[in-house]
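Chains as they are written, first to last, in my numbering: chain A, 152 to 587; chain X, 152 to 587; chain C, 152 to 587.
Everything labelled a hint here was simulated from the structure, so no lab data went into it.
For each residue, glycine too, the CB sits at the ideal point set by N, CA and C.
A couple of the hints might just be wrong.
Said to hold, decoys possible - Part of the chain C face toward chain A, derived, beta carbon under 10 angstroms: (1) Gln512; (2) Glu519; (3) Pro520; (4) Gly523; (5) Arg524; (6) Ile541; (7) Leu544; (8) Trp545; (9) Asn548; (10) Leu549; (11) Ser550; (12) Asp551; (13) Gly552; (14) Leu582.
As the list claims (entries may be wrong) - Computed spacing ranges between beta-carbons, pair by pair: (15) C:Met483 <-> A:Gly437: 52 to 60 angstroms; (16) C:Arg388 <-> X:Pro326: 49 to 57 angstroms; (17) C:Asp410 <-> A:Pro271: 38 to 46 angstroms.
As the list claims (entries may be wrong) - Computed footprint of chain C on chain X; a stretch qualifies when at least three of its residues, placed anywhere within it, have a C-beta under 8 angstroms from a C-beta of chain C: (18) 516 to 522; (19) 545 to 552.
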Amino acid sequence: MTVAELLASLDRAALGERMHALAGRAFPICRSITGDGVRRTLELVRERVPLVVTEVPSGTQVLDWVVPPEWNIREAWIADRAGRRIVDFQESNLHVVGYSEPVRARMGLAELRPRLHTLPGQPDLIPYRTSYYERTWGFCLPHHRLEQMQDTEYDVCIDSTLEPGSLTYGELLLPGTSAEEVLISCHVCHPSLANDNLSGLAVATQLAELLGRTEHRYSYRFLFVPATIGAITWLARNPDCADRVRHGLVLTCVGDSGDITYKRSRRGTAPIDRAAEHVLRHNGAGFQLRDFSPIGYDERQYCSPGFDLATGCFMRSPHGTFPEYHTSADNMSFIRPAALSDSLMTVLEIFRVLEDDRRFQNLQPYGEPQLGRRGLYRALGGETAPGAQIALLWVLNLSDGHQSLLDIAERARLPFGTVARAADILMGHELLRETA
Amino acid sequence: MTVAELLASLDRAALGERMHALAGRAFPICRSITGDGVRRTLELVRERVPLVVTEVPSGTQVLDWVVPPEWNIREAWIADRAGRRIVDFQESNLHVVGYSEPVRARMGLAELRPRLHTLPGQPDLIPYRTSYYERTWGFCLPHHRLEQMQDTEYDVCIDSTLEPGSLTYGELLLPGTSAEEVLISCHVCHPSLANDNLSGLAVATQLAELLGRTEHRYSYRFLFVPATIGAITWLARNPDCADRVRHGLVLTCVGDSGDITYKRSRRGTAPIDRAAEHVLRHNGAGFQLRDFSPIGYDERQYCSPGFDLATGCFMRSPHGTFPEYHTSADNMSFIRPAALSDSLMTVLEIFRVLEDDRRFQNLQPYGEPQLGRRGLYRALGGETAPGAQIALLWVLNLSDGHQSLLDIAERARLPFGTVARAADILMGHELLRETA
Amino acid sequence: MTVAELLASLDRAALGERMHALAGRAFPICRSITGDGVRRTLELVRERVPLVVTEVPSGTQVLDWVVPPEWNIREAWIADRAGRRIVDFQESNLHVVGYSEPVRARMGLAELRPRLHTLPGQPDLIPYRTSYYERTWGFCLPHHRLEQMQDTEYDVCIDSTLEPGSLTYGELLLPGTSAEEVLISCHVCHPSLANDNLSGLAVATQLAELLGRTEHRYSYRFLFVPATIGAITWLARNPDCADRVRHGLVLTCVGDSGDITYKRSRRGTAPIDRAAEHVLRHNGAGFQLRDFSPIGYDERQYCSPGFDLATGCFMRSPHGTFPEYHTSADNMSFIRPAALSDSLMTVLEIFRVLEDDRRFQNLQPYGEPQLGRRGLYRALGGETAPGAQIALLWVLNLSDGHQSLLDIAERARLPFGTVARAADILMGHELLRETA
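Assemble the whole structure, with the sequences as input and the hints as a guide.
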């Protein structure tokens, strides 16, 4: 089965539910850039695809960085003098600042206050905060709850460990007929945040599952990594990746109901950029295109000038642009099966373009070949040629060995699939041959 | 006389009437892609210009095609049981499907009905239909007339022949000082349709007549060919044409009252494309520009990838966009002398650009030469320089041997003629010399 | 002090007044393309900066031109029969046509009339007229005054001399660490016209004064020349200027209250063009960009094809577009200290871009360097990165040795200064090194 055939065969609704269910199972786990939460999350992915899990010891030099100590946490709370827990990690793992060092103390509100993070503009929501590389501790809570706290003493407890351990990431390679790779990367370091980025994890897992059933030209490499340090660790361990990676996509925030947003790679006009734009233009739905910037997710690392992998970022609502971003409102009801499924299908359509984009030589380049005697032309003159027929003429006219099917589809303003089918038909009539 | 001088000397109104008259004489003739109708039509053109007529035998292999049998027709009708001819080829040659095989039969309406072509949305008009390469027969008639036909028996007669003969086309070469050619092609295979394409035939004939009186740099080659198969036949017999043809125009639908439409060549930015766009932008009238597509007239053949001649298509209302297209309403009152004349003049202006577009070297390139002492400058400072003076400065400033007069006209946003006159003046003062 | 530091240290209001005062002192002087008026004007400039004054004898061949005779004038008037001077050069030096030959005569109005120039549409204003290369004489006056003249006899007197002498221009070179030059040119040949071009003279003088206090990479060459013939004379004496001049600006009409207008060099995308456009886009004020044309001031000469110096023209309201242009209304109240100062600062900002635009190599190009441990990153995740931080990331991402800071600023849509500061910071942390 080719990727094109796969696309035609899928049950979108069922896939949407399947991805949503995977995200739902992973949602309660407390993840960070290291620790058991990442391991448990990758175990869930391994139930579906044969992920290879790598552990890189704390203290390992990775490019300009060092793998940090491993963080794990058992409990964390703030209790009032009556022993009532007014903030409790069991209730939501967002309540504790990621990488908080352990603490056990009694202190007045004045002393505690600088440790408490809230969102005054969204007083019902818990913010998401981390401090990976500067030792501190703290709690996050709804601003309303903070306003109810009395100026009295509190017991605070964070039962965490920050000790030598390792950074964990997952990797899966689906070999194609070529050693050239498509890189798909998602970050797996955020705790109970659904869109950012259990949505990315669910879509990536589903892509791997589906592509595993197809025959494909490219090799597809999936990375499930902690943001920044995970991508950097993988790059440090794969310094020759630029020799193999031809196209890349970072998947993030792909489950909300917003339009799809594609952020171009640093190169700006790489094949992945053109394929993504083409698919979005012909999808019939709204979409946004953004130029590359070094703000965002792990495309920052893959597009650093030393590697310059042609990696775009595929999203729906971009990080920072929706009010639920990095708050407790980014929960399982914020992401929708239909949106996950739409993201999945669109990425597959992009991969289909990459798979099938080739160059051909018209074997009857002098004048138009007589399509009629080959059964490829309307018999009775005077009618307007339909779309499929127009595609035959475009492919014949532009197949000079230099222009690829995507070039042709763009110039003809036809969907790639229509043009690719025309090329197949012409190949079948020996009017076309593939060129290198 | 140069083309520029010719342009200044013409009587537009008289030329419009002359072209309309030629089209009117050719209108009644039943043309097809082969046969006596084409021969009689080319005879009319030969009364004005010394056309060379070529006959290519049926069965000749031409590129991927074969010259078809020759089709001729004497009469064709449908008669009711009372012998009344309710459809008659004598009334309009559109009534019979082009290339209909002979038939003589009596049949009921049910059997006849699939052979009858109408336009339900334009019930008073006869459609134009052909079937060159699939043997069939049929009639075309107003939908209103079909609705009046009773469910009874009819006598049908098509007295045609489909026999080995030849394909006929006309060709005229006006040699210039250079062997490089401008190709002008019009199709001559449509029966009583005025805009499509007796208008093209009339304008092409008039162009040939007028250019024959001028001294020109380029050699102008005129082709009067049946659409598709005629162009393919000419290309097959002139496989080295790409060595000589520098610019080309297909002329079609140039007599209606719509704005001029120019469809770019496959190359998109060839000199003919730039010249046409420039002339239209400075003409003061509305116009349309279209990118190349492999749908249309014989530019499809000339722009096939093996030849890739820089051939645009010059039209007024493009085929398929006006309601009269391929119906009996495309008659002699649909085309207007003024429109034919405007098309003629515009094509001549385009040719004038091609003729006079050259590169020059400023012989006083350091600073501006002192125009005043040469009588080329306003004497009293402080007034705004007029257009002709600005052109002198632009030509001096940009004539570095690389930029042509059209380049200069485009950058200066001046009409080509103004720039060309400035170059003439500067040549006269030895401030400029032509470069290769 | 660098140019960037200079910019941060200036007192705009004081500089505006200082420039306005210099223009005011020069305003009453009767200037022309030669003569004592130019000399006295250059003396005023020399009070501020060490101008080198060059005298080129009348009759000297300069490129395609010849230095004209020197013109000086003592008095000029028209008196009625009662001896009342109804037009008097003492009142305004615009009253006499520049380069008028001497005359002493009595004549009737009919004979005198062709010598009298007025502006019927602006009847209160004196027009500015010259006739450098065609011998004549004449007077300019308000149209209202002409209408009051009786049809009687008048005494006319122009006490001028047109004799072998010399053309005078001023030049100042501020050597930089490189021999590559920035050329700043203003014309000094207009009599009592403030915006055109005492404004240019005042801004150029102030620029020279200020740049003289800085350390700069480029050598800055200031030219104070009569329009056209002065620029041509300088070019004739410096035929190798194109070897050294990398960027140029003509300063004219820089004192009115209109928006800044930048007219691009003949090259169109030269560094000076890109720097000027960048500064204007980030200035927060309205501005106009114009493509090059060979109409204007001395950019016509510097941009002639033999030299093709990358010279733009920096203006506020362009010549010919404001009603005061070349009339007695272009007086000292038409130009404003705030406008002069805004022009000065904007030119300095453009020079700052030229000075600091360099290419760098990211020394940690594989992934992002860890900014946090260098104190260059916000400690607590989840907040939006501020502008200065974004600039660090852009400079790191794009510093591959090929893209300059201006390239980066344009792609990042950040002000050049923000990007340049980021580069300084990264240099300080040894994350960047300059490349050739």
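Results for each hint:
1. Gln512: This hint holds: Gln512 of chain C lies near chain A, its Cβ roughly 9 angstroms from the closest one there, short of 10 angstroms.
2. Glu519: Given a least distance of 6 angstroms, the restraint on Glu519 of chain C holds.
3. Pro520: Where the cut-off is 10 angstroms and the nearest Cβ of chain A is about 4 angstroms from Pro520 of chain C, the hint holds.
4. Gly523: At 5 angstroms from the nearest chain A Cβ, Gly523 of chain C passes the 10 angstroms test, so the hint holds.
5. Arg524: 7 angstroms, holds
6. Ile541: Hint holds; Ile541 of chain C Cβ to chain A Cβ min 6 angstroms, cut 10 angstroms.
7. Leu544: 4 angstroms, holds
8. Trp545: 6 angstroms, holds
9. Asn548: The hint holds - Asn548 of chain C has a Cβ within 10 angstroms of chain A, the shortest such distance being about 4 angstroms.
10. Leu549: 7 angstroms, holds
11. Ser550: 7 angstroms, holds
12. Asp551: 4 angstroms, holds
13. Gly552: 9 angstroms, holds
14. Leu582: Given a least distance of 9 angstroms, the restraint on Leu582 of chain C holds.
15. C:Met483 <-> A:Gly437: 52 to 60 angstroms: The hint (52 to 60 angstroms, Cβ to Cβ) holds, given that Met483 of chain C and Gly437 of chain A are roughly 58 angstroms apart.
16. C:Arg388 <-> X:Pro326: 49 to 57 angstroms: Holds - the Cβ-Cβ distance for Arg388 of chain C and Pro326 of chain X, about 53 angstroms, lies within 49 to 57 angstroms.
17. C:Asp410 <-> A:Pro271: 38 to 46 angstroms: 42 angstroms, holds
18. 516 to 522: holds (count 6)
19. 545 to 552: Held - the stretch 545 to 552 of chain X has 6 residues with a Cβ nearer than 8 angstroms to chain C, which meets the minimum of three.
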